[in-house]
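Got chain P; can you put chain V on it based on the hints?
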Amino acid sequence: MSKQITVPFGPQHPVLPEPIHLDLVLEDERVVDVIPSIGYVHRGLEKLVEKREYPEYIYVAERICGICSYIHSNTYAECVEQIMKIEVPERAQYLRTIWSEYSRLHSHLLWLGLFADGMGFESVFMNAWKLREHILDDMEATTGGRVIQGVCKVGGVRRDITPEKLDEMVKGLKALEPAFRDLTDVFLKDASVSHRLRGVGILQQGDAYTMGAVGPTARASGVAIDLRQTGYNAYDRINFKPVVEHDGDCYARCAVRAKELFTSVDIIEQCVKKMTEGPVDVKVTGAPDGEYFARAEQPRGEVVHYIKGNGKRNLVRHRVRTPTFTNIPPLVTLLKGCELADVPMIVLSIDPCVGCAER
Amino acid sequence: MAYFEMAKTVLKSLFSRPATLMYPAKPAKKSPLTRGHVTISPDGCITCRSCQRKCPTQAICVEVKEKTWQIDRLRCIVCNCCVEVCPTKCLLMDTQYTAAMTAREGIYKVTVAGPKKKEPAPAAEKKE
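Sequence order for the protein chains is P and V. One gets my numbering by counting positions in the first sequence from 1 and adding 22 to each. One gets my numbering by counting positions in the second sequence from 1 and adding 1162 to each.
Only chain P is shown next, with the shape it has when bound in the complex (with noise of 0.2 Å):
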């Protein structure tokens, strides 16, 4: 038996910009075991809610992540909704999925782009962050944020969008499909990329559904989890298909975001088909009394969001899960076995966004 040594990998990283750690256990170049550390960067968010009033923590919850932050501040104002048993005009919820679609695009492009980076195909990566600038121009012209929207609100949102401008995005988003097809043909049809990819960290369905895999980790393993078939906002009434591959390896994680481009812009779509003129948000008063879980489909996967209220303007408590944090265990399973060299692209695969995982 060879010696056992261990490498450090991150938390700075050429290829990972996230703060995570690995102690990686290397027999010569295969990796037997993996310890994980964060809390490189925990900023007590969290803990902030008995601070702030509720409906000014919606703008802190927004930035517990960078990238995926309007899901988060619209599951927060779900939670508190529930709990306050408002009902959000049908509008505002039409409205509230169409942002989070158009999240979804710009998570997926970045990360097509960063994983493109990280096994070294560098002009796929502007490609797909040129791609990516379209979608964030649409965010700032009718949000006013690029990725942090600061949109959403407890009792509807703040903004509406002209239908003039609801044509304009959806011509823009037909015109740039086949941008996107071009893109992700790269991924699912250039050999140089399967040769990378394929075959390469392979999780099990069993162990996918074992270690608690979310979103287009577990759905790239067969599992064909997607939180929005359970219909929140408006996806009751969205006609859509979740993408499922059964490979499990990170070619097939790949294709799971790339297939989820053109899932987005359909429901981006179908929603400015079926909107209906009215109201945006409805006015609050009071302060939330009882507790709540909320689960939310994220680039990433499954968030939860938990909310404690004791009836006056702040919070008790408020918890975050979140899709990274989940997907650490299977991460752990993927990279037993590999060799060193494929290290980062399993990292990357699940998408980490350690921001997030700590909060």
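If you are wondering where the hints come from, they were derived from the structure by calculation, not from laboratory data. We treat Cβ as the ideally placed atom computed from N, Cα and C, and that holds for glycine. There's no promise every hint is true.
In silico DSS-like links for lysine-lysine, alpha-carbon gap of 25 Å or less [unchecked claim]: (1) P/73 with V/1216; (2) P/296 with P/281; (3) P/334 with P/69; (4) V/1174 with P/193; (5) P/334 with V/1216; (6) P/187 with P/152; (7) P/196 with V/1170; (8) V/1216 with P/69; (9) V/1251 with V/1271; (10) P/193 with P/296; (11) V/1174 with P/211; (12) V/1191 with P/152.
Beta-carbon label-pair distances, calculated as ranges [unchecked claim]: (13) P/311 with V/1235: 31 to 41 Å; (14) V/1225 with P/62: 32 to 42 Å; (15) V/1215 with P/311: 19 to 29 Å; (16) P/52 with V/1215: 53 to 63 Å; (17) P/144 with V/1187: 22 to 32 Å.
Chain V only, in chain P's frame:
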């Protein structure tokens, strides 16, 4: 993939404009809704402190006695709360981002008009 795909891409890239903007030389793209930074027109402020109370990051500090309004730009998360809550609409959202700054430069303090007392019709005055 079709033949000459790469040649097409190269030619397109050679003869098209760059996808990036030459940023400080050309101003960045901004929409009318963009949240850049908060500004104040000091004449309108009545030091009611609504903005201070609504601020999620406690970046705004209003001194009623000294009639000053102060914002810490490095604490401010540009959420637009203060602008929406201001009763006299004297807080405005500028679409341009502020330049990089040090902690001391981030604090912006102005002397404001303060509450209007002696006018006979304060409601009409406020709307300006």
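Here is what the structure says about each hint:
{"no.": "1", "hint": "P/73 with V/1216", "in the structure": "12 Å, holds"}
{"no.": "2", "hint": "P/296 with P/281", "in the structure": "23 Å, holds"}
{"no.": "3", "hint": "P/334 with P/69", "in the structure": "16 Å, holds"}
{"no.": "4", "hint": "V/1174 with P/193", "in the structure": "23 Å, holds"}
{"no.": "5", "hint": "P/334 with V/1216", "in the structure": "16 Å, holds"}
{"no.": "6", "hint": "P/187 with P/152", "in the structure": "21 Å, holds"}
{"no.": "7", "hint": "P/196 with V/1170", "in the structure": "22 Å, holds"}
{"no.": "8", "hint": "V/1216 with P/69", "in the structure": "19 Å, holds"}
{"no.": "9", "hint": "V/1251 with V/1271", "in the structure": "18 Å, holds"}
{"no.": "10", "hint": "P/193 with P/296", "in the structure": "16 Å, holds"}
{"no.": "11", "hint": "V/1174 with P/211", "in the structure": "22 Å, holds"}
{"no.": "12", "hint": "V/1191 with P/152", "in the structure": "14 Å, holds"}
{"no.": "13", "hint": "P/311 with V/1235: 31 to 41 Å", "in the structure": "37 Å, holds"}
{"no.": "14", "hint": "V/1225 with P/62: 32 to 42 Å", "in the structure": "38 Å, holds"}
{"no.": "15", "hint": "V/1215 with P/311: 19 to 29 Å", "in the structure": "22 Å, holds"}
{"no.": "16", "hint": "P/52 with V/1215: 53 to 63 Å", "in the structure": "59 Å, holds"}
{"no.": "17", "hint": "P/144 with V/1187: 22 to 32 Å", "in the structure": "25 Å, holds"}
In the structure shown, no violation is registered for any of the earlier numbered hints.
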